[in-house]
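All chains, full assembly: derive it from the sequences and hints.
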Amino acid sequence: EIVLTQSPTTMAASPGEKVTLNCLASSSVSYMNWYQQKSGASPKLWIYGTSNLASGVPNRFSGSGSGTSYSLTISSMEAEDVATYYCLQLSSYPYTFGAGTKLELK
Amino acid sequence: EVLLQQSGAELVRPGSSVKISCKASGYTFTDYYMHWVKQRPEQGLVWIGRINPANGNTIYAEKFKSKATLTADKSSNTAYMQLSSLTSEDTATYFCTRFRGYNRGFDYWGQGVMVTVSS
Numbered sequence: 001e002i003v004l005t006q007s008p009t010t011m012a013a014s015p016g017e018k019v020t021l022n023c024l025a026s027s028s029v030s031y032m033n034w035y036q037q038k039s040g041a042s043p044k045l046w047i048y049g050t051s052n053l054a055s056g057v058p059n060r061f062s063g064s065g066s067g068t069s070y071s072l073t074i075s076s077m078e079a080e081d082v083a084t085y086y087c088l089q090l091s092s093y094p095y096t097f098g099a100g101t102k103l104e105l106k
Numbered sequence: 001e002v003l004l005q006q007s008g009a010e011l012v013r014p015g016s017s018v019k020i021s022c023k024a025s026g027y028t029f030t031d032y033y034m035h036w037v038k039q040r041p042e043q044g045l046v047w048i049g050r051i052n053p054a055n056g057n058t059i060y061a062e063k064f065k066s067k068a069t070l071t072a073d074k075s076s077n078t079a080y081m082q083l084s085s086l087t088s089e090d091t092a093t094y095f096c097t098r099f100r101g102y103n104r105g106f107d108y109w110g111q112g113v114m115v116t117v118s119s
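In order, the protein sequences belong to chains A and B. Residue 1 is where the first sequence starts when you use our numbering, and the numbers rise one by one after that. Residue 1 is where the second sequence starts when you use our numbering, and the numbers rise one by one after that.
Honestly, the hints are just simulated from the structure, not real lab data. From a predicted model like this one, the values you see are computed outputs, not experimental measurements. Among these hints, one or two may not hold up.
BS3-like, lysine-lysine: derived pairs with alpha carbons at most 30 Å apart [claimed, not checked]:
| # | chain 1 | residue 1 | chain 2 | residue 2 |
| --- | --- | --- | --- | --- |
| 1 | B | Lys63 | A | Lys44 |
| 2 | A | Lys106 | A | Lys18 |
| 3 | B | Lys19 | B | Lys65 |
| 4 | B | Lys74 | B | Lys23 |
| 5 | A | Lys44 | B | Lys74 |
| 6 | A | Lys18 | A | Lys102 |
| 7 | B | Lys65 | B | Lys23 |
| 8 | B | Lys23 | A | Lys38 |
| 9 | B | Lys67 | B | Lys19 |
| 10 | A | Lys44 | B | Lys65 |
| 11 | B | Lys67 | A | Lys44 |
| 12 | A | Lys44 | B | Lys19 |
| 13 | A | Lys18 | A | Lys38 |
| 14 | A | Lys102 | A | Lys38 |
| 15 | B | Lys74 | B | Lys19 |
| 16 | A | Lys106 | A | Lys44 |
| 17 | B | Lys23 | B | Lys67 |
| 18 | B | Lys74 | B | Lys63 |
| 19 | A | Lys102 | A | Lys44 |
| 20 | A | Lys38 | B | Lys19 |
| 21 | A | Lys44 | A | Lys18 |
| 22 | A | Lys44 | B | Lys23 |
| 23 | B | Lys74 | A | Lys102 |
| 24 | B | Lys19 | A | Lys18 |
| 25 | B | Lys63 | A | Lys38 |
Sample of chain A residues with no beta-carbon within 12 Å of chain B, all distances over it, derived [said to hold, decoys possible]:
| # | residue |
| --- | --- |
| 26 | Val19 |
| 27 | Glu78 |
| 28 | Val82 |
| 29 | Gln89 |
Glycine included, each C-beta is placed from N, C-alpha and C at the ideal position.
Here's what the structure looks like:
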């Protein structure tokens, strides 16, 4: 089973601040997908295929990485970005999610 | 518009079983695998397994092989998950989600079904 380790677990960012969320895989994966989940809601596809923004995702978001190391970056934090972000690998069964990074507003 | 409409919340007794549904609309049901994901209160997401609605073929995560049973009804475009021998560890929200592909991931999600196991 591929274990995904997300860091940090929780972070607070000020409006306008650059934010980087990390996802480290225990084995190499082909792609990484990211999901945004707000309190009480279903997860939403946010970034797919490592670096492609899902429909409706603001372009202040970006994704990058390869092999075992991936990241999601917000170029300028906004209040609406408060959420928990999960990475997901689909390279091998069982599919696995990271434990999530909870992003708060400072 | 793609929609995955899940059944309502369930309150069930320990040791019993429950079957929850996920009705798909807005696309050809048999063209996409359906996956199921568990989320315990204030916890992260855990992949349960998937079903190919076209032929009923299933794959499960090891920890759910004796817990979950996935089925699909092509006539009603509905996927089902039955959970058996329920314990407090099964208290969670369960999501169905459509699989778009290995680099596209899960693109649409149901609203989730809260299953509470309590005597």
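Verification of the hints:
no.	hint	verdict
1	Lys63(B) x Lys44(A)	25 Å, holds
2	Lys106(A) x Lys18(A)	13 Å, holds
3	Lys19(B) x Lys65(B)	16 Å, holds
4	Lys74(B) x Lys23(B)	10 Å, holds
5	Lys44(A) x Lys74(B)	26 Å, holds
6	Lys18(A) x Lys102(A)	15 Å, holds
7	Lys65(B) x Lys23(B)	23 Å, holds
8	Lys23(B) x Lys38(A)	23 Å, holds
9	Lys67(B) x Lys19(B)	12 Å, holds
10	Lys44(A) x Lys65(B)	26 Å, holds
11	Lys67(B) x Lys44(A)	26 Å, holds
12	Lys44(A) x Lys19(B)	25 Å, holds
13	Lys18(A) x Lys38(A)	20 Å, holds
14	Lys102(A) x Lys38(A)	10 Å, holds
15	Lys74(B) x Lys19(B)	17 Å, holds
16	Lys106(A) x Lys44(A)	23 Å, holds
17	Lys23(B) x Lys67(B)	22 Å, holds
18	Lys74(B) x Lys63(B)	27 Å, holds
19	Lys102(A) x Lys44(A)	15 Å, holds
20	Lys38(A) x Lys19(B)	26 Å, holds
21	Lys44(A) x Lys18(A)	22 Å, holds
22	Lys44(A) x Lys23(B)	18 Å, holds
23	Lys74(B) x Lys102(A)	38 Å, violated
24	Lys19(B) x Lys18(A)	44 Å, violated
25	Lys63(B) x Lys38(A)	27 Å, holds
26	Val19	19 Å, holds
27	Glu78	23 Å, holds
28	Val82	16 Å, holds
29	Gln89	10 Å, violated
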